[in-house]
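Hints in hand, dock the two standalone chains.
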Amino acid sequence: MENILECRALTKTYGYRTALSNLDIAIPRGRIVGLLGPNGSGKTTLIKLACGLLTPTAGQILIDGKAPGLESKAIVSYLPERSYLNNWMCIQELIRFFQDFYQDFQPEVAYDMLQRLNIDPRDRLKNLSKGTKEKVQLILVMSRRAQLYLLDEPIGGVDPATRDYILHTIIGNYNENSTVILSTHLIADVEQILDDVIFLSNGKILMASPVDEIRERQGKSVDDLFREVFKC
Amino acid sequence: MLRKLLKYELKATARTFLPLYGCLILFAVINRVFVAIQDRTEHFSFFFGVSLTSYIFLIVAIFALTVFVMIQRFYKSLLGDEGYLMFTLPTTPGKLILSKLIISIFWVVVSIAITGFSIMILAMSTGFWQAMGQLFQALGLYFREYFSFADVSVLTSFLFLGLCGLTYLILSVYCAIAVGHSFKQHRAIGSVGAYLVICLISQVATTLCVQMGGFFTTRLPSLEHLLLYEKYGISLFLLFFAVMYLIFAAVCYVVTQQLLSKRLNLA
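Protein chains in written order, with the working numbering: chain U, 5 to 236; chain L, 181 to 447.
Same shape as in the complex, but just chain L (with noise of 0.2 Å):
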């Protein structure tokens, strides 16, 4: 059933946002042909500029609205109209917003990774190529000479406390829409204030637990003595808060789910 979900989701949201990544690499495309009209001439420098700052407007435009798409597949979709077709396929509230859940985290990766390439198009000359080809022999060598499980742990660290940040972000973001919605009247608002809350408590959370791990760090001196000075430390240091905000994102979740489970009133 999720994968199901998870399916109709991509197709919904897709019709979105894969028009506007076309967009944006025509216009890195466009974007390059200009530098290279501009090497050789100061013709055209008008359109080189409309056409740079339509590129940088859809940068801006596609992280927009992935955060607008994100909440609107929810509050919309969910608690809307067409949430009289979702909640009453027979599938379980915590499996709709895994799924709307998941398909945002998607978008947001790939939102990041096409606007990279897009870049890579826009800066690509053979000189870049060629740099680039320095680059990853050096970064090679680099691996193969110095490189350490420690390292792969710490990006791999990073790369997961970024994913756990993003689950986290999104399922307050479903949890504060979900509380809103529990109110009798006045529910955008309250979203908006459950909102609100939701951070102020996530930082007073967040304070009690770098409060606990400092103090646990003191108590134990070989714990101290790995975070600060082996590199595994870093990722421990890493790994804490993403397990935080794992745990956060599960809180989360609960409410969410328990609200859209035990107290939906679909208006």
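Next up, chain U with everything else stripped away, as it sits in the complex (with noise of 0.2 Å):
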């Protein structure tokens, strides 16, 4: 399939609200899309509906071609916003239930890179801080050989060192073939990385483009045309 993410009149209410509104987007592999948009503009429903944690109100959402389900569920690494990890574990222990449950996972990887940044693989996570937590949280997503990449602010609250290393490690470790899907509203950060973007309002696109060629017809960087497009 050519498209790993694909949405087809995408529609997601939540009663009275609508969260999305008849989206349509086409993302081919190998491409780091930032997803971009103001809080509740419905980066986050998107997201979770690939994973499959939302199931759409119309229309559809294909991961390679297929609804989510198991075989997308195995192609698909997700980084959501909250903490969803079990806090009495340890981190080896996560280790290995990543590596139990997902075929792509690479242990070696994970604990490269914690070791990389000092964290002890023997702690439990109820110990770690909130950045630490989100750091390891963050490199078992990573260590993952998967299709998509999809991550919900990865940067969110992390101070600006730990800010760079987790932006080099999403493209230190993805592979050309796999597509990351970012996003943020930290874009000033992020868009040094960043492919394409697609900036959502109020569950609809408002615009969908390579960097470049913003960067090029626009002339500005993608965070001042983000300021004028969404100003208060």
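Quick caveat, the hints were computed from the structure, so don't treat them as lab data. Backbone N, C-alpha and C define an ideal beta-carbon position, used for all residues, glycine too. Take these hints with a grain of salt, some might be off.
Label pairs and their calculated CB-CB ranges [what the hints assert, rightly or not]:
id, chain 1, residue 1, chain 2, residue 2, range
1, L, Lys187, U, Asp199, 38 to 44 Å
2, L, Gly260, U, Gly135, 18 to 24 Å
3, L, Val290, U, Arg12, 46 to 52 Å
4, L, Leu198, U, Ser87, 22 to 28 Å
5, U, Phe234, L, Gln252, 38 to 44 Å
6, U, Phe234, L, Leu376, 43 to 49 Å
Mimicking DSS-like on lysine-lysine, the simulated pairs with C-alpha atoms at most 30 Å apart in a straight line are [said to hold, decoys possible]:
id, chain 1, residue 1, chain 2, residue 2
7, L, Lys184, U, Lys137
8, L, Lys442, L, Lys184
9, U, Lys130, L, Lys256
10, U, Lys208, L, Lys442
11, U, Lys137, L, Lys187
12, U, Lys130, L, Lys187
13, U, Lys70, L, Lys442
14, L, Lys275, U, Lys137
15, U, Lys137, L, Lys191
16, U, Lys137, L, Lys256
17, U, Lys70, L, Lys364
18, U, Lys134, L, Lys256
19, U, Lys130, L, Lys191
20, L, Lys191, U, Lys134
21, U, Lys130, L, Lys275
22, L, Lys184, U, Lys130
Structure below.
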């Protein structure tokens, strides 16, 4: 399948509130895509739909041509915004857990990254600081050789040095045929690693374009464009 | 995949249960020591009272905890934050449900066994073991002389009925939680309401089944004779209910599985 992620007239409503409205997207393989938008624009909803954690109200979302299910979950690596791992487990146990369930998980990569960040694999999650926990979650997600990485606000709650490391990890660890979709509102930081951007506002796509085009045609950085487009 | 889920589920729940079981056995031993002391002296009766009360409290706590953990493992672990982990694993919702069901059944059985074992420790004394020895001898004699296949089948049917009933009980709770989850708001209350509805429906269905069973029995004299006069009759009677509960359980399973596959909306 050419496109790793496709949305066709995708709509998601929560009662009277529309989170996503008639979305049409086609994201090919091998791209790093930024899903950008203010809070409440539908970024997390779109990502959760792709993971199968939400069901569409209307329309379709396809991963590698199939609806989210058993097969898509094996090729999608998801990093939620929240803390979703068991606090009582230690990092080693988590690595074994991921290794058990995911064929594409590479424990050597995980241990290597932990060592570089001076994180002891024997520590229990509940004893770690919030920033360290986020790093561990990211390490686990990026240690998989997935075809689609969905990272929801991966750099939200961490210091600038850690942000740099996380971005460095993302581009260092994905292979050319994989696609990384990361949602964020810290655009200035991620801009340098993005190939394409999608601007979401109130559940609709305002703009979808390669980053180079924005810089060449409009002569501004993505961050500047974002501030312009989403001016309050 | 199911085996991995079972392994993980067991690990996650064992850390809650095993320490409690340990405490229970410990208190059984302590109480047994106190019983021996009480035989000889009136002193320490206060401590004995305290430890005996603690022991009984522990038994109640273990059973309450078994029920609580059963609900929590489904509600919190599948539909709370951990659901983000469980539902993105390359497995089906059906296997997730099954893994939690099997481990819940496991802990209920173990809780009953450990409680029985602790009571045995408590009651243990030289006289007790003698009595137990005599009891087993007598049972052995009885089995050898009077035991028939029918007795085995009654016992097996009874245990099978217990198992089916337990399975249905657990799955009905899961089903109620899943139904509540499919509401957009007031999910917790929705679950409670759904559980009441499920109970109501199963009561009606049970009555219908019993009526139908009675109807067919009166129409088939050979069956009626079998049920009333033969030992096998009791087994058949028990099996009837076991199968009925199994069907109820299957319905709950299918509803839960469909809801979690087609209408999952993790907050």
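Please name the hints from earlier in the document that this structure breaks, with their numbers sorted from lowest to highest.
none
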